[in-house]
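Number of protein chains: 2
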Amino acid sequence: MRTLSIGILGCGQIGSAVISLLRRKGGALLRDSGTQFKIVGVTVRNPRKKRAVRIPSALLTTRGDSLVRDPRVNVIVELIGGTQAARKLVLEALRNGKDVVTANKALLAEHGDEIFELAQKRGRKVLFEASVGGGIPVIKALREGLIANRIDSIYSIINGTSNYILSEMSERNLDFKEALRLAQRKGYAEANPSLDIEGVDSAHKLAILVRLAFGGRVPFKEIYSEGISKIRNEDIAFAEEFGYRIKLLAIAKRDRDAIEARVQPTLLPRNHILANVSGSFNAILLRGDEVGEVLFYGKGAGPEPTASAVVSDLVDLAKGSFAPYCRDGRLSSPRRLKIKSISSILSRYYLRFHVLDKPGVLARISSVLGRHRVSISDVIQKERKLGGIVPLILLTHDAPENQLRMAIKEIDRLGIARGGSQVIRIEAEPK
Amino acid sequence: MRTLSIGILGCGQIGSAVISLLRRKGGALLRDSGTQFKIVGVTVRNPRKKRAVRIPSALLTTRGDSLVRDPRVNVIVELIGGTQAARKLVLEALRNGKDVVTANKALLAEHGDEIFELAQKRGRKVLFEASVGGGIPVIKALREGLIANRIDSIYSIINGTSNYILSEMSERNLDFKEALRLAQRKGYAEANPSLDIEGVDSAHKLAILVRLAFGGRVPFKEIYSEGISKIRNEDIAFAEEFGYRIKLLAIAKRDRDAIEARVQPTLLPRNHILANVSGSFNAILLRGDEVGEVLFYGKGAGPEPTASAVVSDLVDLAKGSFAPYCRDGRLSSPRRLKIKSISSILSRYYLRFHVLDKPGVLARISSVLGRHRVSISDVIQKERKLGGIVPLILLTHDAPENQLRMAIKEIDRLGIARGGSQVIRIEAEPK
Numbered sequence: 001m002r003t004l005s006i007g008i009l010g011c012g013q014i015g016s017a018v019i020s021l022l023r024r025k026g027g028a029l030l031r032d033s034g035t036q037f038k039i040v041g042v043t044v045r046n047p048r049k050k051r052a053v054r055i056p057s058a059l060l061t062t063r064g065d066s067l068v069r070d071p072r073v074n075v076i077v078e079l080i081g082g083t084q085a086a087r088k089l090v091l092e093a094l095r096n097g098k099d100v101v102t103a104n105k106a107l108l109a110e111h112g113d114e115i116f117e118l119a120q121k122r123g124r125k126v127l128f129e130a131s132v133g134g135g136i137p138v139i140k141a142l143r144e145g146l147i148a149n150r151i152d153s154i155y156s157i158i159n160g161t162s163n164y165i166l167s168e169m170s171e172r173n174l175d176f177k178e179a180l181r182l183a184q185r186k187g188y189a190e191a192n193p194s195l196d197i198e199g200v201d202s203a204h205k206l207a208i209l210v211r212l213a214f215g216g217r218v219p220f221k222e223i224y225s226e227g228i229s230k231i232r233n234e235d236i237a238f239a240e241e242f243g244y245r246i247k248l249l250a251i252a253k254r255d256r257d258a259i260e261a262r263v264q265p266t267l268l269p270r271n272h273i274l275a276n277v278s279g280s281f282n283a284i285l286l287r288g289d290e291v292g293e294v295l296f297y298g299k300g301a302g303p304e305p306t307a308s309a310v311v312s313d314l315v316d317l318a319k320g321s322f323a324p325y326c327r328d329g330r331l332s333s334p335r336r337l338k339i340k341s342i343s344s345i346l347s348r349y350y351l352r353f354h355v356l357d358k359p360g361v362l363a364r365i366s367s368v369l370g371r372h373r374v375s376i377s378d379v380i381q382k383e384r385k386l387g388g389i390v391p392l393i394l395l396t397h398d399a400p401e402n403q404l405r406m407a408i409k410e411i412d413r414l415g416i417a418r419g420g421s422q423v424i425r426i427e428a429e430p431k
Numbered sequence: 432m433r434t435l436s437i438g439i440l441g442c443g444q445i446g447s448a449v450i451s452l453l454r455r456k457g458g459a460l461l462r463d464s465g466t467q468f469k470i471v472g473v474t475v476r477n478p479r480k481k482r483a484v485r486i487p488s489a490l491l492t493t494r495g496d497s498l499v500r501d502p503r504v505n506v507i508v509e510l511i512g513g514t515q516a517a518r519k520l521v522l523e524a525l526r527n528g529k530d531v532v533t534a535n536k537a538l539l540a541e542h543g544d545e546i547f548e549l550a551q552k553r554g555r556k557v558l559f560e561a562s563v564g565g566g567i568p569v570i571k572a573l574r575e576g577l578i579a580n581r582i583d584s585i586y587s588i589i590n591g592t593s594n595y596i597l598s599e600m601s602e603r604n605l606d607f608k609e610a611l612r613l614a615q616r617k618g619y620a621e622a623n624p625s626l627d628i629e630g631v632d633s634a635h636k637l638a639i640l641v642r643l644a645f646g647g648r649v650p651f652k653e654i655y656s657e658g659i660s661k662i663r664n665e666d667i668a669f670a671e672e673f674g675y676r677i678k679l680l681a682i683a684k685r686d687r688d689a690i691e692a693r694v695q696p697t698l699l700p701r702n703h704i705l706a707n708v709s710g711s712f713n714a715i716l717l718r719g720d721e722v723g724e725v726l727f728y729g730k731g732a733g734p735e736p737t738a739s740a741v742v743s744d745l746v747d748l749a750k751g752s753f754a755p756y757c758r759d760g761r762l763s764s765p766r767r768l769k770i771k772s773i774s775s776i777l778s779r780y781y782l783r784f785h786v787l788d789k790p791g792v793l794a795r796i797s798s799v800l801g802r803h804r805v806s807i808s809d810v811i812q813k814e815r816k817l818g819g820i821v822p823l824i825l826l827t828h829d830a831p832e833n834q835l836r837m838a839i840k841e842i843d844r845l846g847i848a849r850g851g852s853q854v855i856r857i858e859a860e861p862k
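Line by line, the protein sequences give chains A and B. In terms of the numbering used here, the first sequence has 272 at position 272, counting the first letter as 1, and numbering is strictly consecutive. In terms of the numbering used here, the second sequence has 500 at position 69, counting the first letter as 1, and numbering is strictly consecutive.
Keep in mind the hints are simulated off the structure, nothing from the lab. Glycine included, C-beta positions come from ideal geometry on N, C-alpha and C. Treat the hints with care, since some could be wrong.
Here are the simulated DSS-like pairs of lysine-lysine, each with C-alpha atoms no more than 27 Å apart in a straight line [as the list claims (entries may be wrong)]:
hint : chain 1 : residue 1 : chain 2 : residue 2
1    : A       : K125      : B       : K456
2    : A       : K38       : A       : K125
3    : B       : K750      : A       : K125
4    : A       : K125      : A       : K186
5    : A       : K253      : B       : K456
6    : B       : K684      : A       : K25
Output of the computed footprint for chain B on chain A, the stretches with three or more beta carbons under 8 Å from beta carbons of chain B [to be verified]:
hint : stretch
7    : 20-31
8    : 138-149
9    : 366-380
Using the sequences provided together with the hints, build the complete structure.
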């Protein structure tokens, strides 16, 4: 019987769930892995606070910097979140010969290169199944199960909060603010929801998927990210009329020597499998050159699913089973992935204007679009109000983003559209 | 650089795809795993036959029995299918100290206990990612990614042929025979399709999932299995009227000290995620006590997806990474799983009769059902034909299968239903 001695940084909901899981299932995990998982220290801010899970006071400490140097510790489980303190502690743990398990997507997205490089130099491992998709074992699938594949694309719903809000807006006709408040009441959204609804959390997770799928350093800041706060009910309703649903997608595709990587509200055909992922669920659709499309779906957050992923990493560490991150046998790659600028991508678009209902308006807008070589595939012009303001919706064929943006700027300058224009990208493939 | 020397039994479509994949991606796999994958022998029936993939004639042999004893071979990849010859060769390979990778679900379902026991005794490994769900890494998820979970249920679509046929019947209003012929023309169904459409193939795969999820010996013959050949278009249409779709499901659930395990056509609510898996795709929905529901979806068959899974097993072998099969650290468990008899399960039912349209028929049928304590939740009685034959459809509440069967037998004896009755189980949970 081996023993793996664990130091846990952070004892919030997830830390408590990990401790509870190891305690409840220690016996089964010992049978499965031949390893006893022993917690030797847990950092907390206030050792006197009441917790859902009882922890012997001898294990509690406020000193993360001591725990990551504790010679008894084999592995540090980092669950404090954020990037500043977490970065320092994780690097220090690696320097002190500890392996690291983390659920921290922001940390890995923003400081992954540094962390993985140090891990490689020190011969340590960093595992992070819990960082994307909660308990869905998609990181393992990318690193091991799909190892024979060149991954060609990722289409994913990886922020449960945003998906919950969009689902509620769509199914119950709530507006964005009402749906957000409901998400907050139900515990799906935090008091400060901006990381979730502005797409930053999705971009963090996408950066991790991109590293594994395409292999190399990921310039996180070059991942374009747009949130859902400007989506209106009418957009959801008009999309529906055209046979689409709106989802916040994190997308990455191989495109010759560069990759596309972006987070954006997206119109998806109603029968697309991702269009049918609702509520706070997550789903990741990968396309491999051998396997074709594979989808992974489940709860993308929550203490128990996240703890399930953390513990699976601990079991892998205990067994010494390990796969590289970079598709070249290394933890850290010298190759920097090239991410295409959003202005150079090609996409279809949903455009919505509020226009004065008078003759010639559609003609003027479409002529501006035409001059910028943006061609229109579908139009809805809503109920005539004789001189009132009416919505005008256009769907375009594939067009370069920069052309489209120039056209929209010019249309906005015409003064015929009130309250600004709405632009949402459309993805039709893969079905 | 290590070398893994591989002997391949069988060079049909899948064998050829494995050889092609190893050849095309040998370089990348070497980078990923530090291992060179070297094919040292391939068994074929006719060495002179033209093949899609070129194999040096020095590698070809008709003698599987020699290949499994060849001292150069580290691992035998068994792709001949069937249970007789495959069983002998796999056992002989293990006796000769080889590890085994197989895609053979029939072999593992029917002789898994014997094979895993020998592997354990000899300290060898048997890997079988390709045996369920083609390239979908669901076996790895069960053995590793979800290791912290007690698996409570499996709901799965694991026979692409049947799902394709049901999808075509539903979407294009083909009858069963037309849809089957189409599946055969498209290469989704074999000339003798009975293993697929009668549910046997699904039952083989379910036996493998059950072994991993619940841990222990699986009495394959006790898995109840019913196919799709008696599903009629009208059943699909009536199910639709009630808000259901019909899918061939392989289901297993924990039920106190026993388990339910069965393959059956099933009415699923239209918005159930499995109801939306169409064509030849597979999907496996697992419920773990920590992670909740997790779904894996993708192409369940085909040479390339299957080869993708076989090669991922080879990489795991090369890396020495390994997880047990039985949730107790062992390959083979002395514990025999207890499978509940189908007659003792509780289910809701869809019942369809063709009855003479005269007063009192519904009353007589429902009174028989009532006497057997089967209570009715919904009824459709179709267009009156004054003395003609009309369909009568009943949905029941939860009822014991044996009560329901007695009631149906009694109704059949009444002589008011023509052409036999149709009974299809309904599953509503999990959503």
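To see whether the hints hold, each was checked on the structure:
Between A:K125 and B:K456 the CA atoms are separated by roughly 26 Å; this keeps the pair inside 27 Å, and the hint holds. Taken as a hint, the A:K38 and A:K125 pair is honoured in the structure, with Cα atoms around 19 Å apart against an allowance of 27 Å. With a C-alpha separation of about 15 Å, the suggested pairing of B:K750 with A:K125 holds against the 27 Å cut-off. With a CA separation close to 36 Å, the supplied pair A:K125 and A:K186 exceeds the 27 Å bound.
Straight-line distance between C-alpha atoms of A:K253 and B:K456 comes to about 21 Å, which keeps the hinted pair within the 27 Å bound. The suggested pairing of B:K684 with A:K25 holds, with an alpha-carbon distance near 21 Å, which does not exceed 27 Å. Under a criterion of three residues with beta carbons nearer than 8 Å to beta carbons of chain B, the stated coverage of the stretch 20-31 of chain A is upheld, 5 such residues being counted. Coverage of a stretch by a chain is defined here by at least three residues with a beta carbon nearer than 8 Å to that chain's beta carbons; for the stretch 138-149 of chain A and chain B the count is 8, and the condition holds.
Counting residues of the stretch 366-380 of chain A whose CB lies closer than 8 Å to any CB of chain B gives 0, so the stated coverage by that chain is violated, three being the minimum.
Hint compliance for this structure: hints 4 and 9 are not met, and every other hint is.
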